[in-house]
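Undergrad: Fit chains B, C and D to the given chain A structure using the hints.
4 protein chains.
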Amino acid sequence: MSGCPYFQRKFVSNSKQHLKEDENDDSQTGINKASKGGLIYGDYLQLDKIVTSQVLQSELKGNKIHDEHLFIVTHQAYELWFKQVLWELDSVREIFTSGHVRDERNMLKVNTRIHRIVIIFRLLLDQFAVLETMTALDFYDFREYLSSASGFQSLQFRLLENKIGVPHSQRVPYNRRHYRDNFGDQESELLLHSEQEPTLLQLVEQWLERTPGLEEDGFNFWGKLETNIFEGLGREKEKIEQKPASEMKEEMMAELIKQRDIFLSLFDEKRHNHLVSTGQRRLSYKALQGALMIYFYREEPRFQVPFQLLTSLMDIDTLMTKWRYNHVCMVHRMIGSKDGTGGSSGYQYLRSTVSDRYKVFVDLFNLATFLVPREWVPKLDPSEHTFLYMAECCDSSYCSSSDDSD
Amino acid sequence: MSGCPYFQRKFVSNSKQHLKEDENDDSQTGINKASKGGLIYGDYLQLDKIVTSQVLQSELKGNKIHDEHLFIVTHQAYELWFKQVLWELDSVREIFTSGHVRDERNMLKVNTRIHRIVIIFRLLLDQFAVLETMTALDFYDFREYLSSASGFQSLQFRLLENKIGVPHSQRVPYNRRHYRDNFGDQESELLLHSEQEPTLLQLVEQWLERTPGLEEDGFNFWGKLETNIFEGLGREKEKIEQKPASEMKEEMMAELIKQRDIFLSLFDEKRHNHLVSTGQRRLSYKALQGALMIYFYREEPRFQVPFQLLTSLMDIDTLMTKWRYNHVCMVHRMIGSKDGTGGSSGYQYLRSTVSDRYKVFVDLFNLATFLVPREWVPKLDPSEHTFLYMAECCDSSYCSSSDDSD
Amino acid sequence: MSGCPYFQRKFVSNSKQHLKEDENDDSQTGINKASKGGLIYGDYLQLDKIVTSQVLQSELKGNKIHDEHLFIVTHQAYELWFKQVLWELDSVREIFTSGHVRDERNMLKVNTRIHRIVIIFRLLLDQFAVLETMTALDFYDFREYLSSASGFQSLQFRLLENKIGVPHSQRVPYNRRHYRDNFGDQESELLLHSEQEPTLLQLVEQWLERTPGLEEDGFNFWGKLETNIFEGLGREKEKIEQKPASEMKEEMMAELIKQRDIFLSLFDEKRHNHLVSTGQRRLSYKALQGALMIYFYREEPRFQVPFQLLTSLMDIDTLMTKWRYNHVCMVHRMIGSKDGTGGSSGYQYLRSTVSDRYKVFVDLFNLATFLVPREWVPKLDPSEHTFLYMAECCDSSYCSSSDDSD
Amino acid sequence: MSGCPYFQRKFVSNSKQHLKEDENDDSQTGINKASKGGLIYGDYLQLDKIVTSQVLQSELKGNKIHDEHLFIVTHQAYELWFKQVLWELDSVREIFTSGHVRDERNMLKVNTRIHRIVIIFRLLLDQFAVLETMTALDFYDFREYLSSASGFQSLQFRLLENKIGVPHSQRVPYNRRHYRDNFGDQESELLLHSEQEPTLLQLVEQWLERTPGLEEDGFNFWGKLETNIFEGLGREKEKIEQKPASEMKEEMMAELIKQRDIFLSLFDEKRHNHLVSTGQRRLSYKALQGALMIYFYREEPRFQVPFQLLTSLMDIDTLMTKWRYNHVCMVHRMIGSKDGTGGSSGYQYLRSTVSDRYKVFVDLFNLATFLVPREWVPKLDPSEHTFLYMAECCDSSYCSSSDDSD
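Going down the list, the sequences are from chains A, B, C and D.
Counted from 1, the first sequence has number 75 at position 75 by this note's numbering; the numbering is strictly sequential.
Counted from 1, the second sequence has number 32 at position 32 by this note's numbering; the numbering is strictly sequential.
Counted from 1, the third sequence has number 383 at position 383 by this note's numbering; the numbering is strictly sequential.
Counted from 1, the fourth sequence has number 225 at position 225 by this note's numbering; the numbering is strictly sequential.
Check before you lean on any hint, since a few could be wrong.
Remember, identical chains collapse to one label, so a pair may be satisfied in a single copy or spanning two.
Mimicking DMTMM-like on lysine to aspartate or glutamate, the simulated pairs with C-alpha atoms at most 25 Å apart in a straight line are [unchecked claim]:
#1 K109 to E132
#2 K243 to E231
#3 K224 to D141
#4 K379 to E238
Simulated from the structure, these hints should not be mistaken for lab results.
One chain only, chain A, in its complex shape (with noise of 0.2 Å):
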C-alpha cells in the first residue's frame, strides 16, 4: 500500500506466510497491522540506541570538547562493521564446520561471504579519512578524558583476529601483558573460547587436505608435479652443461641450483613440519598440496570458485595488515612517537604488528615462490578426469537440511 520504494511485495510475503499459515498465523496478522503504520523505520534499525550512545567525556567533566564526538562515532561506527565482518565469518566457519560445505552448491555462498568480508575492510580503510579530518591537538583536548580506554582496545577486534585464525603464540605482548589481561573477565572468557573453537583459516585446511586429484591412488597430482619437476630441471642441466664455457654459464647454473633447492624444499615433508612447528608456515602439507592444486588448475569448472575463494583469503590477510599500518600512521600523528625520549610507547608496540607473523595465510602467499612453466604441470585428459568439471552435489534432503542452517 504505502508505496515505500522498497517494499512493494506485499502480497507475495502474504501469500508465503499463508503457505505456512498453521505455524504461525499470529505473526502474520501482525505483519498486516505492520503494513498499515507499522513497522517503523526507526524502530527496526533500534535508532533510539544506535544515535542517542554518544556521550562526551568531555561533556561529563564540563569540559565539552566539540571533536570528542567524532572520535566516539567513528569508533563506534568500526565496531558496527565488526559485528557484521564476525556475523559473517561465523556464517562461513559454521558451513565449513557443519559438512555443508561438501555439497559444493554451498560455494557461492562461502564465496560471496568472504569477499563481502573483504568489501568490508576496504570502507575501513577508507575510514581512517574521517579521523583524519582531526588533527593531534584537537586530540590533545580532550584525550585525558579517556585514561585507560585504549583506542583500539576492541573485543570484537580480537575475537576475529582468533577466529580468522592469528596465533595466539605469535602475539606481541602488550605493556608486557598477555593479550587477554587487558580485557575484563567476561570478554577473557569470550576470548579464550575463540581461540579453542576451529579457525578460518584450520577449516580452509581442512577443506583443501579434501581437493579431489590428491589422492595417490588416484590421479596423484603431488607424484607427478615432483617428476615432472625434477626432470624438467634435469633436461635444463643437461643443455647448460653443454654450453661452452662462459660467465653467463655460470650464472645459469647457478640459478638452476638455487631453482632445485626451491622445489627440494617443496617436495621435503620434514621440512615443511618443521616451518609449521615455528610458524613460518601455517598449512598443512596436504593442504599446501591441495592448494598448489587448485592454483594449476583453477580454470577447471571446479576450481575457478576454489580459486576466487583462495584470493579472497589473501585479500583478507592484506587489508589486515594495511588497516594495522594505517592504524600505526594514525597513531604517529595523533601522539607522536615518543621521539627517542624513551617511555613504552604504544607507537611502537602497533608499529611491531605490522608483520607477517601476523599474516594468516601466508602460505598463500608464498606459493608464488613454487610456480612453474605450464609444461610442467601434470596434464589433465578431460574424457578421463571427470572429477574437475563435475561438482558433489547431495541429495536434496541433506541440502534442505543445509538450507535450514543458513
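TA: Positioned in the frame of chain A, the structure of chains B, C and D alone reads:
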C-alpha cells in the same frame, strides 16, 4: 593503566584537573580510579547498545535470512554518520548564529567542520559498495518482513536536508503526501522546527552580504565591476566592427551579443529577484556579489579561507546529489524499475530527487557563467585596500566567550 | 640481472625458452643480453612518449597556465584506462565469438576480465577527485585556448559504448548532429565498424539462450515456472476469497491482481518483443529466460560463475552511468549551467545522457521485478538433473587451441 | 558555435587575444582556424603517443600474454601521475625559492598545489586495486620476459623523493649498490642534480624560521613558552607534594618527572642539533619553534592557511609510506617472500623501505609529543599583536611579477 597507545598524558591530565581543583575534585578522583582499571573502551562507546541492536525481522518470523544483518548494519552505519554530520552542521550554524563568525579566528573551525562533512559524505558514497554485495535475490528473501519500513525513510537525513537548506517547497511529493506526513508526530515536529531555524544557506548568505569591499561608498566592487565589464565589451565590439565582413565576423558579433546578454542579466537586480522567487536562484543579490568578489580575489589573504569554504559548500551539494544517485542505482538493482508495468515505483520517485531542484548552493556553481578575464577585474592596491589582508579579530574577552560556545 | 624485486625466475625463463629452442634461439640470446643491463624499465614503458606528451596550449600561446597540465594528465590517464578496458572487452568478445566460451574452462577468464573492467571503472570514478581540485576559475584561465576540443570528445569512450552495446539509435544527438559527425573520417570509420561488430550484449544474449535447462523437451524451465507461478497465484486467490470482507481483503486482492498482471507480462512473448522493438528491453525472450534461470539456480555449481558474470555486467552498467553523472557534476561546477540564459549548454546535453536509455543490461536489473518465493521455483533433483553440476569441457586439442587465442 | 560542453567562451577568448594584439596576431588567427574544425581532442592530448605505447614483450617473443597489457598500462598511469606530482612540486618549490612566498597572497597557491599532491597520492593508493586483479599466476606467465626491468625502478619516483627531501644518506642500499647506480648515466645525472637542489623540506624549514612572533626582541614565543611550561610544571609539583603519601602520589610524581624530561629535551638546543645530525630530527631548531607556534595559534587568521599546509605535508609523508607498504603487499602476493629459502629478495628490500627513516616531515608528527594545556600557551592580545591577523602583501609591481612566475 599505563601503556595504552593513545592516552599517555596522564600527568598533564591530572595537572589540568588540578587547575580546576575546587570545582570538581570528585570527578578527578573518579578519573584516577578510572586510570586503575577505569574507563573501559566498551563502556565508553556504549557497545552494549551499539552491537546488540541488530534484530532480524526474518528471525523473529522464524525464517532467519542471513543478509538481513547486513541490511541493518549498513543502515545503522549511515545513521551514525548522519548523526555526526548533524553534529558538525549544528556547530557551524551556532558559530554563524551567535555572531562569532565575525571574529575571523573562527573561520578555521567553520572551514574544518564543513570540510569534515565533505569527507564523511565521500565515505558514505563508498559505503554503497558494501550493500551492493547483496543481490536482488538475497534482498527478496527478507524484504517482505520489512513491510512499510522504507529503507531510507530517515529522519536524520531529512533534518540534514532542511538544515542545509533544501527548500521544502521544492520537495517532490512522495506517495502523493507531504514529506512530513511520512513521519510520526514527534518526528514531524522536529522536521517542522528544522524548517523554521535559519538554514546553513541563509547563514552563509548573511555572511556573504557582509563581504568587505562591497560597500558602495567604499571599494564599491559591484559598481566598478559593472563599469569594467561593459567598457571591455564595448572595446571588443569596436574591434570586431573594424574587421572586414566575413562569416567569422558575424559569428564573433553574435557571440559578443550573447555575452553581453549574460552580463546584463547579472547586473539586473529585478531579474535576479524574480529568479529567486521561482527558486532558480537561492542567494540574495548582495550575497551573490559577495560570492563573486571572493571568487575574484580568492588569493588575497583575507579571502583564502572563505574561498575554501565556498568550494566545500559546493562539494557538499555535489556529494549529496551523488549520494541520491547512488541510492537510485541501488534501488534499481534491488527491486527493478517496474519495467513499464505501472504501479507507483519507489525507483521513479527517487529518480526525480536527483535534480538541480535539490541543489542548495546552486548559485555558487552558476557563478562560473560570470567569469571574466583578469584584466576586467577591478584592480586592488594593497597599500590602499588594507581590508584584504587585515582580518577582523575581537578583543580577547569576546573571543574567550566564543571559545566557550565551542 | 639479479636483485630486481619482481623478476627472479630467470632460470625458469631460460628453461622455458629452451623448450622452444628451435624456433627462437636468437630471441633467447637477446633475453640473456637483456639480463645483463638489458631491458630498461623506462624503455619498456616507453616513458619517452608517455611523460613528454604534455604540451600546454596556454604555453604555446605565451601565457602558461599552471593547471592546464593537470587537465591534460587527467584526460590522458582516462584514455590509458579506456585503452585497457577495450583490451579486456575485446578479449572477452573474442572468447565469445570464437565459441571458446562453450568450453566452460574459459568462464573464469571471462569473469575475471569483466570484473577487471568493473574495478577500473571504480578507479575512474575516484579519479574525478583529482580534477575537482581545479576550480572553475583555474579552468577559466586556459579554457579559451582549447577552442573546440571538447573535454570528453573521446573516441575510445564511444568505441567502448558501442562494443558493450549502447544502441546508437538511442543516443542523444549532440549539437544537433549525429554522434559520429563529431569525429574525423578515420575515427568515424572505426566507430561505424564498432557498430557493426557483435556487441557484448549480443554475445551474452546468445550465450544466455544456450543456458542448459531451457530445452522444452528437457528440463523445460520456462514451462514449469509458468505453471508453478499461476498455480501459486491461484492458491493465493482462493485463500483471500475465503476471508471475511474487509478493507484489508480488498487491498490484498488488488495487490494480487497487480502481481498477476506483472507475471502475465513476463510470459507474454509478443509483449516482450514489442518492448524490445521500442528499446525498453534489450535481450531476446529466450535469453531473458536463461538469465532468470541462472538467477534462480545461482547456487548450482554450474551457474555460480555465470551468476557472478551477470552481476558484474550490471556493475559495469551502473558504473558507466555513475561516471556520466560524475562528469555532469564536474561540468556544472566548471562552466555553470547557463542559468536560464539560453544557449546550447553542454551541461544540458550531458545531463540527458544520464538516462536509463544508455543502460545496456537493463533487463538484468528489471528481473528483480519477477522474483518469486523459493517454493514456486521448479524443483531440481541432483540425481536426475546432472547438467547443473556437470560442466562442458572440450577435448584437449580444442582447448589448447583456445589457449592460443588468448 | 560548435557547442562543445567546455569551451563556450570563444568571444572572451578572442577579446583577450586582442588585448595583446601586437605580439601574437598570428596565433589568434590560428585559434580562429582551430575553432573551425580546429584543435582536436585527440591531437591535444597526443593520444597517438599515449595509447600506442603498449608493446608487450611477451608478444614480441611470440607468446602473447593477455595480462601484460594491464601491467604496462598500470605502470604508465603511475608515471603520468608522478609527472603531475613533480609538476606541482616544482611549482611550489619555485614559489618558495623565488621568495614569492613572502607575499602571502601566494599561500593559497602553495596550499592548493600541495593538497593536490595529497589527492593524487590517494588515487595512487586506490590504483593498486586494479593491478591486484592480476594473480601471481597471471604474472608468472610473462615475468620472465621483463628480465631486469624492475617493476618500480622509476626515475620519477626517485626524483620525487629527492625533491621532497628523502635523505639519500638514509636510503636502504638496493642490491648492495648505491641507489643511483641502478639508473643510466643521464638519469643518474638528473638524480644527482635533484639531490643538490633545495628540497621541499629545506624550503619549508626556511619559511618556518621566518614565522612572525619568534623574534626574541618581539613577541618571543619560545622564551615565553619555556617560562610558562616550567612554571606550570612547578605548580603541579607543589600540588602533588601536598598530597598525603600513597601509591597514586608516587605515580603522579613519576609521571611529572617524565613530562619534565620531555620538555627539558624540547628546550635543549644542543640535544636537538645532535638528533638532527643523526637524522632523527630533520628541521632546524628555529623551524621547529615556528611549527609549534603555528600549531598553538592555528586559529589566528594569519596561521590558518600555514596550519593547513603543515597538515598536508604530513599527509604526503603518510601517503608515500602507505604507497610503499601497499607496494610491498603486492610484491609479496606476486612473487612470494622466498619463504626462508635464502636469496636476496626484492620483498625484503621493499619491506625495509617502509620505515620512519623515509619520513621527511617526521618532526611535524613528533610535535604531538610536546603539546600543552591551553592555559600554558603564551597569551595573545589582538590589539597588541597585530602581526597575527595582518598578512604581508607586496606592492602590486612585485606581485604582478609573482604572477608571471606561475
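Undergrad: Have a look at K379 and E238 and pick one of within, between, both or neither, based on CA distance no larger than 25 Å.
TA: Intra 24 Å, inter 61 Å, cutoff 25 Å: intra-copy only.
Undergrad: Classify it for me, K243 with E231: is the Cα-Cα distance of at most 25 Å met within a copy, between copies, both or neither?
TA: within (19 Å within a copy, 79 Å between copies)
Undergrad: I want to check one pair: K224 and D141. Are their C-alpha atoms no more than 25 Å apart within a copy, between two copies, both, or neither?
TA: Answer is between; shortest inter-copy Cα gap is 21 Å, intra-copy 66 Å.
Undergrad: Could you figure out if K109 and E132 sit no more than 25 Å apart (CA to CA) within one copy, between two copies, both or neither?
TA: Between copies, since 15 Å is at most 25 Å while 35 Å is not.
Taken one by one, the earlier hints all hold for this structure without exception.
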